[in-house]
Amino acid sequence: MIEIKHLNKTFKTKTDTTEVFNDINLTVNDGELICLYGPSGSGKSTLLTIIGALQQSTSGQVIIDNKDLSQLSDAELTQLRLSDIGFIFQASHLIPYINVKDQLMYVAQLDKQSKSNASKKADQLLEAFGLSHRAKEYPKNLSGGEKQRTAIARAFMNEPSLILADEPTASLDFERAIQVIETIQKRVKETQTSCIIITHDTRIFKYADKVYKLENKTLIEEK
Numbered sequence: 058m059i060e061i062k063h064l065n066k067t068f069k070t071k072t073d074t075t076e077v078f079n080d081i082n083l084t085v086n087d088g089e090l091i092c093l094y095g096p097s098g099s100g101k102s103t104l105l106t107i108i109g110a111l112q113q114s115t116s117g118q119v120i121i122d123n124k125d126l127s128q129l130s131d132a133e134l135t136q137l138r139l140s141d142i143g144f145i146f147q148a149s150h151l152i153p154y155i156n157v158k159d160q161l162m163y164v165a166q167l168d169k170q171s172k173s174n175a176s177k178k179a180d181q182l183l184e185a186f187g188l189s190h191r192a193k194e195y196p197k198n199l200s201g202g203e204k205q206r207t208a209i210a211r212a213f214m215n216e217p218s219l220i221l222a223d224e225p226t227a228s229l230d231f232e233r234a235i236q237v238i239e240t241i242q243k244r245v246k247e248t249q250t251s252c253i254i255i256t257h258d259t260r261i262f263k264y265a266d267k268v269y270k271l272e273n274k275t276l277i278e279e280k
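The numbering used here puts the first residue of the sequence shown at 58, with every later residue one more than the last.
Among the clues, some could well be false.
What the hints assert, rightly or not - Okay, derived cross-link-like pairs now, SDA-like style, lysine to any residue, Cα gap no bigger than 25 angstroms in a straight line:
1) 69 / 148
2) 270 / 216
3) 172 / 248
4) 62 / 91
5) 197 / 155
6) 197 / 247
7) 270 / 197
8) 246 / 153
9) 177 / 247
10) 246 / 275
11) 243 / 275
Stated by the list, open to error - Between beta-carbon pairs, the in silico distance windows are:
12) 230 / 133: 36 to 42 angstroms
13) 171 / 230: 37 to 43 angstroms
14) 195 / 231: 23 to 29 angstroms
15) 58 / 262: 32 to 38 angstroms
16) 190 / 106: 20 to 26 angstroms
Everything labelled a hint here was simulated from the structure, so no lab data went into it. Cβ atoms here follow ideal geometry from the backbone N, Cα and C, with glycine treated the same way.
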């Protein structure tokens, strides 16, 4: 579960102060998928990077599985990103010179998992995401949908408690976009992972348990 309490973010320069958002409150339960949308420049990606321990808030709390990010050291935050959070982006960001299975194995290596256990887990994920037959292929030989499914499988490799996805379907056609979001939803429910998806694609809202809009520095649940 993730809890966000009274989160604020302000950027300061020598001559100006810009408030991105204020008093953001949000709870995402285990196995819950939420979509978050809003106009460009509303702070969606900034919010996601703060939740993902990639940037600090000005004030407030982000609590992931009872761990308050503001109380963790840099080393602890690095380990949290490796072990507890899976990231999915608009671009797949696959490493071009390693094959599909090794994309997953590399993440496990960073997390210092045993090679035998990691190999079994990677095989299971590739099967779950319909990629077993592509395990030895390199990114240049994959379709757009296959690349994104590989990136999603990689995000689940460390059995994270939280998945953060920033426009995961933006570069895909409708059919592939639906395949990708259905894949994420299915895995989130099976593993009881919390999931936050930033998207402009209203077609995928129906797959979310809740939908929120970030606008005018405030987060509001859509009913």
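Satisfaction of hint between residue 216 and residue 270, Cα-Cα up to 25 angstroms: Roughly 28 angstroms between the alpha carbons, so the hint for residue 270 and residue 216 is violated.
Under the criterion that the straight-line Cα-Cα distance not exceed 25 angstroms, is the pair residue 197, residue 247 satisfied? With a Cα-Cα distance of about 30 angstroms, the restraint between residue 197 and residue 247 is violated, given a limit of 25 angstroms.
For residue 58 and residue 262, compare the CB-CB distance with the range 32 to 38 angstroms and indicate the outcome. violated (22 angstroms)
Does residue 197 pair with residue 155 here, judged by a C-alpha cut-off of 25 angstroms? Within the cut-off at roughly 10 angstroms; holds.
Restraint status (C-alpha distance of residue 243 to residue 275 at most 25 angstroms): Given that 25 angstroms is the threshold and the Cα spacing comes to 30 angstroms, the pair is violated.
Decide if the proposed pair is consistent with the structure: residue 69 and residue 148, CA atoms, cutoff 25 angstroms inclusive. The hint is violated at about 30 angstroms.
Given the hinted pair residue 270 and residue 197, is their alpha-carbon gap at most 25 angstroms? violated (36 angstroms)
Starting from residue 246, check that the Cα of residue 275 is at most 25 angstroms away, please. violated (28 angstroms)
Using the Cβ atoms, figure out if residue 190 sits within 20 to 26 angstroms of residue 106. violated (35 angstroms)
C-beta pair residue 195, residue 231: status relative to the range 23 to 29 angstroms that was hinted: holds (27 angstroms)
CA of residue 172 to CA of residue 248, is that 25 angstroms or under? holds (22 angstroms)
May I ask you to test the hint 36 to 42 angstroms on the CB atoms belonging to residue 230 and residue 133? holds (41 angstroms)
Checked against the numbered hints above, the structure violates hints 1, 2, 6, 7, 8, 10, 11, 15, 16; every other hint is satisfied.
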